[in-house]
Structures are given as structure tokens and as C-alpha cells.
Amino acid sequence: MAIVHCVGSRDHNYNEYCSRACCMYSLKISQLVHEYVGAEVHEIYRDMRSFGKGYEEFYDRTSKMGVNFTMDM
Numbered sequence: 065m066a067i068v069h070c071v072g073s074r075d076h077n078y079n080e081y082c083s084r085a086c087c088m089y090s091l092k093i094s095q096l097v098h099e100y101v102g103a104e105v106h107e108i109y110r111d112m113r114s115f116g117k118g119y120e121e122f123y124d125r126t127s128k129m130g131v132n133f134t135m136d137m
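Numbering (the numbering used here), first residue to last: 65 to 137.
None of these hints come from the bench; they were simulated from the model. Hints should not be assumed to be uniformly reliable.
[Unchecked claim] Have a look at the derived ranges for each label pair, beta carbon to beta carbon:
#: 1; residue 1: G130; residue 2: Y78; range: 19 to 27 Å
#: 2; residue 1: N132; residue 2: A85; range: 18 to 26 Å
#: 3; residue 1: Y89; residue 2: T134; range: 15 to 23 Å
#: 4; residue 1: D136; residue 2: F115; range: 36 to 44 Å
#: 5; residue 1: V97; residue 2: H76; range: 32 to 40 Å
#: 6; residue 1: K128; residue 2: A66; range: 29 to 37 Å
#: 7; residue 1: L96; residue 2: H76; range: 31 to 39 Å
#: 8; residue 1: V71; residue 2: Q95; range: 20 to 28 Å
[Claimed, not checked] Below, a list of computed lysine-lysine pairs in the DSS-like style, where the Cα atoms sit at most 27 Å apart:
#: 9; residue 1: K92; residue 2: K128
#: 10; residue 1: K128; residue 2: K117
#: 11; residue 1: K117; residue 2: K92
Even for Gly, the Cβ is constructed at its ideal location relative to N, Cα and C.
Work out the full structure: start from the sequences and follow the hints.
What follows is the structure in C-alpha cells.
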């Protein structure tokens, strides 16, 4: 499964803002799919935003459990 972040966001021609919520929702979905379904999961992102208490640690745990992260420029 692949999750693509920031499609059309933070681009001066479309949406210049970042919602700051999408990254954490996608990480949670990645964790659940990887853990319960056993699927290979890829997170394709421009800039991962993990705001909030414990969010950075959650990102680290998700990475260590086998979710693949790819930075797209």
C-alpha cells in the first residue's frame, strides 16, 4: 500500500497551507494496515509534520516496525 502526502498542498499555485493533521492520520493508518493486514506500506512525503506530544516518538515506532518512508522532492 502507498500513501502519498501533500498532493497539491504547499504549492503557490494550489494550496499554500499545511493542515498539520494529515501526516499523523496517515501514520496511524500505516501502522494499522502493517500490523493487522501484514501489508507492505510506503509513505511518500515531501515533509513529514509530526506536531504534538508523543507524535515524533510515534513516527519513530512506525518507522522501526517496517513502514517504508520515501521523501519526494
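We went through each hint and held it up to the structure:
no.: 1; hint: G130 <-> Y78: 19 to 27 Å; verdict: 32 Å, violated
no.: 2; hint: N132 <-> A85: 18 to 26 Å; verdict: 22 Å, holds
no.: 3; hint: Y89 <-> T134: 15 to 23 Å; verdict: 18 Å, holds
no.: 4; hint: D136 <-> F115: 36 to 44 Å; verdict: 20 Å, violated
no.: 5; hint: V97 <-> H76: 32 to 40 Å; verdict: 33 Å, holds
no.: 6; hint: K128 <-> A66: 29 to 37 Å; verdict: 20 Å, violated
no.: 7; hint: L96 <-> H76: 31 to 39 Å; verdict: 34 Å, holds
no.: 8; hint: V71 <-> Q95: 20 to 28 Å; verdict: 21 Å, holds
no.: 9; hint: K92 <-> K128; verdict: 14 Å, holds
no.: 10; hint: K128 <-> K117; verdict: 19 Å, holds
no.: 11; hint: K117 <-> K92; verdict: 15 Å, holds
Of the numbered hints given earlier, the model fails hints 1, 4 and 6; all others are met.
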